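Sequence lines, in order, name chains A and B. Just so we're aligned: 380 in the working numbering is position 380 of the first sequence, and the numbers increase by one with no gaps anywhere. Just so we're aligned: 825 in the working numbering is position 305 of the second sequence, and the numbers increase by one with no gaps anywhere.
Take the hints with a grain of salt, since some may be wrong.
As the list claims (entries may be wrong) - Derived, one-sided and incomplete: chain A residues facing chain B with beta-carbon distance under 8 Å:
1) N84
2) E156
3) V388
4) V396
5) S442
6) G443
7) T495
8) R498
9) V502
10) D507
Said to hold, decoys possible - Listed next, with one range per pair, are the computed distances between beta-carbon atoms:
11) L400(A) with Q655(B): 22 to 32 Å
12) I490(A) with H724(B): 40 to 50 Å
13) L499(A) with Q655(B): 24 to 34 Å
14) N542(B) with F378(A): 42 to 52 Å
15) R382(A) with I735(B): 35 to 45 Å
16) F741(B) with Y494(A): 34 to 44 Å
17) E834(B) with V4(A): 34 to 44 Å
Calculated from the structure, these hints are not laboratory results. Predicted model only: the values in this text are computed from it and were never measured. The beta carbon of each residue, even a glycine, is placed where N, CA and C say it ideally should be.
The residues making up each chain are set out below.
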Amino acid sequence: MKRVHGTILALILALAALGLMYAKISRLGLPLLPHQLEQVWSVEAKIEFDANRHATVVDFDIPDRLGDYVRLDEYFISRGYGLNVGVRDQNRRAEWSTRQARGTQRLYYRLEAVPQSETEADANPKQRPPAPPAAPVYQEPMASAIQDVLGNVRDESANVFTFVSQTLVKLNALAPNDNVMIIRENIDRESEAWVERLIYVLAGANISARMVRGVILEDRSTAQHLTPWLEVHNGQRWEGFDPRTGNRGYPDNFLRWTVGDEPLLAVEGGRNYNVSFAVSRYAQSPTTVARARGEANDTFLASMMLFNLPVNTQNVYRVLLMVPLGALVVAFMRTIVGLPTLGTFMPILVAIAFRETELAWGVALFMMITAAGLSLRFYMERLQLLLVPRLCSVLVLVILLMVIISLVFGRLGIDKGFSIALFPIVILTMVIERMSVIWEESGPGQALKEGFGSLSVAILGYLVMKNEYLTHIVFLFPESLLILLGGFIIMGRYTGYRLLEVARFKDIVEAEDGTAKPHP
Amino acid sequence: MGLLSRIRKLKEAGVVGINNRNRGYIMPRNPRALYARVDDKVETKRLAVAAGIAVPELYGLIGAVHDAKNFVHMVEGRQDFVVKPAHGSGGKGILVITDRRRDMYIKGDGVALTAAEVQHHIENVLGGVYSLGGQPDQAIIEYRVKFDRVFEQVSYRGVPDIRVLVYRGVPAMAMLRLPTRSSGGRANLHQGAVGAGIDMLTGHTTLAVCNNRRISEHPDFGTPLGGLAIPGWPALLILAARCQELAPLGYLGVDMVLDAELGPLILELNARPGLGIQIANGRGLRGTLDYIDAAAPLPTEAEARVAVIRAYHESLRGTG
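With the hints as extra help, turn the sequences into a complete structure.
Spelled out as structure tokens, the structure:
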């Protein structure tokens, strides 16, 4: 029971951490890898009109739900106008107003959006199906043309969607018959009027249909207009149809702007108004994106992220969260490998110091200062000072050594000398003191062994703590430290040999094999 | 030989590693609360005296820096003495004065020290330089053991001692520890001392180890290390077994010396005895420890507990 206990605990900890991490990845779209940039689309709507020198009110539909996209942010750029954002029907509506406007006016609305992560797409809110429309009273000859087309299709189709599809194919036929010609009435089939005509025809079969408008996201496209599209409801959900071909679905990169056939833009007190769209794409740090997604979807998970803290505090945690990884290296090197170190956490502290100085330089400094400090310490020994004052004297000497190194390197024009100032002097002082005691008590061999043991563990620890991938993971997913905790529990139960013991006990085994075995 | 097959061979030989010693023996058998009794040498000495076990005589105890100079009074009229930290480990901080000439104190290695230098050493001890964890410590001033001449040919200065590993009150394995030049006269294996395994039945040395490697001759003198007879071996084993009553630690290291005049003395007890004893004996500990575990409940009489280990070795001899 006792034996299983630790393993189960470690497993539970790891599973809890993985579960939390999975939730964050799937719901917030947090990236597992650093530097994975996410594509952000920026859509800018430009409204232009000539003002009448009167009070002016501009009504403009702005998107609410974006289909396959999520809104990161939006900006309203309009000098001298008051802004009011409200809701009308299924759309949001921006209302700009001003007392007096003169000349050509330009108002901008910019939207930033990213593709939705997969789970979000499933989470469509339940909507009541719209009531099927009553069949309109058609005028002749339209009435008989529509009856004919709908009647033909009804025999060939199984459900609403295939019915719509077939109707659209017929109405868009390359070689249209007379009835189709009557319905088409020379309407441009790229226009909103054509979608409205289709809705009108489908109403004859009591099918709920509506128009949506959207922007086709294409990098660096300018002066774009909204693309009208047809949506049909089959009693359960809305489905998009290409009004020109009858194909089901939406265009690629379709960002839905408005729903319904209300005019997109209305300007009161202005003339010659029009709106055009410019699209561009840029890459953004995924954490920023995840943060915005979190605000849009899951506020609790998002509020538990470290990047909600002030930047200073964040930076402290960036270092702090790496310390357990350094501890992992120490624990591994000591319990599994069996390398001796000066103190348990000393190598981690030295490794953190290396972060300030870069590795090669840090190691050089460590050795230089320790060697110089040790020789000074042996000189101090001859003065026979008490422990604490002696430690303090070593501290003073270490600081002075650093000053000298900085000055010398500064003169030589090597700016590396200055980063030394951040090298924790107290740690070095302790290293020197401990090494000198071991030197005296167990000989220089043991002292150098432990010194180099600490140094190599510190180097390894530094390499692990500097690893961008790991830094990224522990900062975005601090819960991953629970996996580490589980690892420590497992490691704490390891009773096998340390790797260096295999060499240490070699002679026992060789006697076992052996030549002469005098005992017993 | 590959790493895995080496590990398997060690396992087959019953070699106990440090992780296994800590988790399998020290943690379950040695309650932490009892560590104070063995880590504090003053306490160990007091308990031993109360139990009638012979220890080196205490000349004095120094607890504060301003008392350090008083060591002169404590050693008044004594030709030789030892200064050691009450909480030292691994033989650290032990100063052996073997002789006095005028105002000078002669160290074991022949170097003469002034009273001020001895005082400085005591102050270092008090400051915690040699204690576990660097806490302030006390300095013990005690009788210097005049070791039995039998080991003169195999020790380089210092005091040779006998380490007995006592498991659940049963002496499990033993070795003779001999100082060398490179150990600086200290009897600790990791400082370079020689460890010679002792046959538990006969009390004769068998193999020897130095710096984890098998040797057959003393590295400084070239004298053979096998076949040395330890005088009064059966009494030594019983003394070691009795030490378990001072501090009921299940996994205990007992360090003893043979004094030329006073016979066996307990030098100190160790709650974390090392594993080098296995190399010195050319044998893993596991078989012995398993045998003792199987023999539980163990007798309360020290003599009877020694009989357990004799029975084990007789059974080995029978099959071997």
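### Message
Does the beta carbon distance between F741(B) and Y494(A) stay inside 34 to 44 Å, or does it fall outside?
### Response
For Y494(A) against F741(B), whose Cβ atoms are near 42 Å apart, the range 34 to 44 Å holds.
### Message
Within 22 to 32 Å: is that where the Cβ-Cβ distance between L400(A) and Q655(B) falls?
### Response
29 Å, holds
### Query
Once the shortest beta carbon distance from V396(A) to chain B is found, is it less than 8 Å?
18 Å, violated
### Message
Quick check on the hint: T495(A) CB to chain B CB, less than 8 Å?
### Response
4 Å, holds
#### Entry: Status of the hint placing V502(A) at chain B (closest C-beta pair under 8 Å)
Status holds, d = 5 Å.
### Query
Can the hint on S442(A) be confirmed by a CB-to-CB distance to chain B that is less than 8 Å?
5 Å, holds
### Message
Holds or violated: the 40 to 50 Å window for the beta-carbon distance between I490(A) and H724(B)?
### Response
45 Å, holds
### Task
With respect to the beta-carbon atoms only, verify the hint that E834(B) and V4(A) lie 34 to 44 Å apart.
Once the Cβ atoms are compared, 40 Å apart, the range 34 to 44 Å for V4(A) and E834(B) holds.
### Query
When you take the CB atoms of N542(B) and F378(A), is the distance between them in 42 to 52 Å?
34 Å, violated
### Query
For the hint on G443(A), does the least C-beta distance to chain B fall short of 8 Å?
Constraint on G443(A) satisfied, holds at 7 Å.
### Minimum beta-carbon distance criterion (8 Å), N84(A) to chain B
Since chain B brings no Cβ nearer than about 70 Å to N84(A), farther than 8 Å, the hint is violated.
### Query
Is it true that L499(A) and Q655(B) lie within 24 to 34 Å of each other by Cβ?
33 Å, holds
Violated hints, in rising order: 1, 2, 4 and 14; the structure is consistent with all others.
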